[in-house]
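Novice: Here's the letter readout for the chains.
2 protein chains.
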Amino acid sequence: MAVYTEVSDEALRAFLGDYDIGGLIAFRGIAEGVENSNYALRTTGGDFVLTLYEKRVDRAELPYFLGLMEHLAARGLACPTPVRGRDGQALRDLAGRPAAICTFLEGVWPRRVRPEHMAPLGLALARLHAAGADFVGRRPNALGPAGWAPLLEACRSRGDEVQPGLMAQLEAQHAAILAAWPGALPVGQIHADLFPDNVFFLPDAEGRPRVSGVIDFYFACTDLLAYDIAVCLNAWCFEPDGGFNLTKARAMLAAYQTIRPLDPAEAAALPVLCRGAALRFLLTRLFDWTHTPADALVTRKDPLEYLRKLRFFAQVETAGAIGA
Amino acid sequence: MAVYTEVSDEALRAFLGDYDIGGLIAFRGIAEGVENSNYALRTTGGDFVLTLYEKRVDRAELPYFLGLMEHLAARGLACPTPVRGRDGQALRDLAGRPAAICTFLEGVWPRRVRPEHMAPLGLALARLHAAGADFVGRRPNALGPAGWAPLLEACRSRGDEVQPGLMAQLEAQHAAILAAWPGALPVGQIHADLFPDNVFFLPDAEGRPRVSGVIDFYFACTDLLAYDIAVCLNAWCFEPDGGFNLTKARAMLAAYQTIRPLDPAEAAALPVLCRGAALRFLLTRLFDWTHTPADALVTRKDPLEYLRKLRFFAQVETAGAIGA
Chain L
1 MAVYTEVSDE ALRAFLGDYD IGGLIAFRGI AEGVENSNYA LRTTGGDFVL
51 TLYEKRVDRA ELPYFLGLME HLAARGLACP TPVRGRDGQA LRDLAGRPAA
101 ICTFLEGVWP RRVRPEHMAP LGLALARLHA AGADFVGRRP NALGPAGWAP
151 LLEACRSRGD EVQPGLMAQL EAQHAAILAA WPGALPVGQI HADLFPDNVF
201 FLPDAEGRPR VSGVIDFYFA CTDLLAYDIA VCLNAWCFEP DGGFNLTKAR
251 AMLAAYQTIR PLDPAEAAAL PVLCRGAALR FLLTRLFDWT HTPADALVTR
301 KDPLEYLRKL RFFAQVETAG AIGA
Chain P
325 MAVYTEVSDE ALRAFLGDYD IGGLIAFRGI AEGVENSNYA LRTTGGDFVL
375 TLYEKRVDRA ELPYFLGLME HLAARGLACP TPVRGRDGQA LRDLAGRPAA
425 ICTFLEGVWP RRVRPEHMAP LGLALARLHA AGADFVGRRP NALGPAGWAP
475 LLEACRSRGD EVQPGLMAQL EAQHAAILAA WPGALPVGQI HADLFPDNVF
525 FLPDAEGRPR VSGVIDFYFA CTDLLAYDIA VCLNAWCFEP DGGFNLTKAR
575 AMLAAYQTIR PLDPAEAAAL PVLCRGAALR FLLTRLFDWT HTPADALVTR
625 KDPLEYLRKL RFFAQVETAG AIGA
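Sequence lines, in order, name chains L and P.
FYI, the numbering for the first sequence is 1 to 324, going by our numbering.
FYI, the numbering for the second sequence is 325 to 648, going by our numbering.
Just chain L, with the same shape it has in the complex (with noise of 0.2 Å):
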């Protein structure tokens, strides 16, 4: 997967005659990544990742994704940073498609989420917070609660063949979470899809796992900040069985709190949070699966594993029950 466009070496070659980063010397397409054409490019330079930007992003948002990503890693945030070309740019076209080199991230991200991964997890999201603070792009959070009507909307007529009954059910949590959602909450840039696959880890001196990257900001979006917690604990808290690892949830929440201590309407806010979290997830999932001719290349991810953890958020009644 993750390879939708392919390269021409003519091409390539041509379009790194705009960079000094020297002669090509490997290039393999990548197999993780959904959204977009991603390359492992390696040149006599060094080692870097191409990314050829796909229909599902908008050209005229790049510019905020590697600016915020530039941003974070000037201020020592390890994540992908944009190597800009002779002209001064980033960002600019191969194949027909936009696209950008950013550097490579050493690391290995957790295929089984341990304990020991979540504080390390905490601190990074904590710092990445942090290090945007000062970002001046703006991006409004295009899978936030306004944007969960129309995604229902789209799924409504094929919805209930994935489950009888699975869209009244989520018309009515709809309903539910945008009548509880918090307004006057802290905001920044958030990362909005800090899933497993997004976060690279490599053992400190004593063997305890560091987060060495954080990937993929094409969800990126100016947002709650307390959101982006309630993102990775839909993301990183339950156990293949379904159940909550509270455990996980507070080393998290502890660490990150070292960093940022939430406010108390922050922490209040967390279940409504993680209910949005678990619906956006959904939807987006139902849509894939309801808008995804069957012999796609994608792999449609499961919808209703997202159904029992927005059921697991509503039945929580304290921030306490789910590690704040």
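A couple of the hints might just be wrong.
Stated by the list, open to error - Calculated lysine-lysine pairs in the DSS-like style (CA-CA distance at most 27 Å, straight line):
id, chain 1, residue 1, chain 2, residue 2
1, L, K55, L, K301
2, L, K55, P, K625
3, L, K55, P, K379
4, P, K379, P, K625
5, P, K379, L, K301
No lab work stands behind these hints, which were simulated from the structure alone.
Please read these numbers as outputs of a predicted model, since none were measured by experiment.
Position chain P relative to chain L; hints supplied.
Specialist: Using the frame of chain L, we list chain P on its own:
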């Protein structure tokens, strides 16, 4: 694609503990390759490719493949070299699959084949044949003439769904090819799948392409050496519009023969070997097309591309018409 089996970090670290190649630095799925799961692996000792052999590969055959690669590399061919662990073994188990680590090869495979690629290709193929001459392993070509009848049988019930009348054409071609198949030509170790995505190139000092590596030996076998040439004529010499590029064929064959001249019987047999190679790729594609669930993750390649090639080669009267 080409990541069918996920490897947990713990399992990967334990696996690497059996080698003297240093500590884990990075680990990414590679999008290329269809049969197996491939990962780009970086350790403090260098860059490698980790392959997990999936269900199409017979474990009993892996020692032949790995032994051949080691043999060819020892004779100077740029191909993946299996890395032996501390116990001297190159083949072990990971995540429930047979697995091996090989060296990483620099270079880029040509997304668009140019005439300048063909002489280096011919030289690389002849060198592969020469380097394999004293390898003692033997593996029958499972997709050679003896393998076609079972494939035809397996495609019979649904093959005509791809094109009405297809199976009758293939039966006729199959009979004609078997009747004309040469018996007593030089035999050796052949790659048997030398498509452009299995040959890496880098520019030489003058900017001309040279072969920097040949990969994916998992169809390699002991068969007619000239059959490998026939595979390349199928895989490298047709233009996107379906036309056969005689200039490319001649360049490859001339370069090949500077190292291993074809004997007259081999040259004369090339047209039927090309028909056989076209039938082989047609049949495996047709098998995949008719046996792969429509929603599977693998790309189903068009079988009819090889019907057009088969028809082209069927009307060739002399080897000179295809470059020999």
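Novice: Does each hint hold? Answer for all of them.
Specialist: Hint-by-hint comparison with the structure:
Between K55(L) and K301(L) the CA atoms are separated by roughly 19 Å; this keeps the pair inside 27 Å, and the hint holds. At roughly 23 Å between alpha-carbon atoms, K55(L) and K625(P) fall within 27 Å of each other, so this suggested pair holds. Distance hint between K55(L) and K379(P) is unfulfilled; the C-alpha atoms sit about 34 Å from each other, more than 27 Å. For the hint pairing K379(P) with K625(P), the CA-to-CA distance comes to about 19 Å; that is within 27 Å, so the pair holds.
Restraint check for K379(P) and K301(L): satisfied, since their Cα atoms lie roughly 23 Å apart, inside the 27 Å limit.
In summary, the structure is inconsistent with hint 3 from the numbered list given earlier, while agreeing with all the others.
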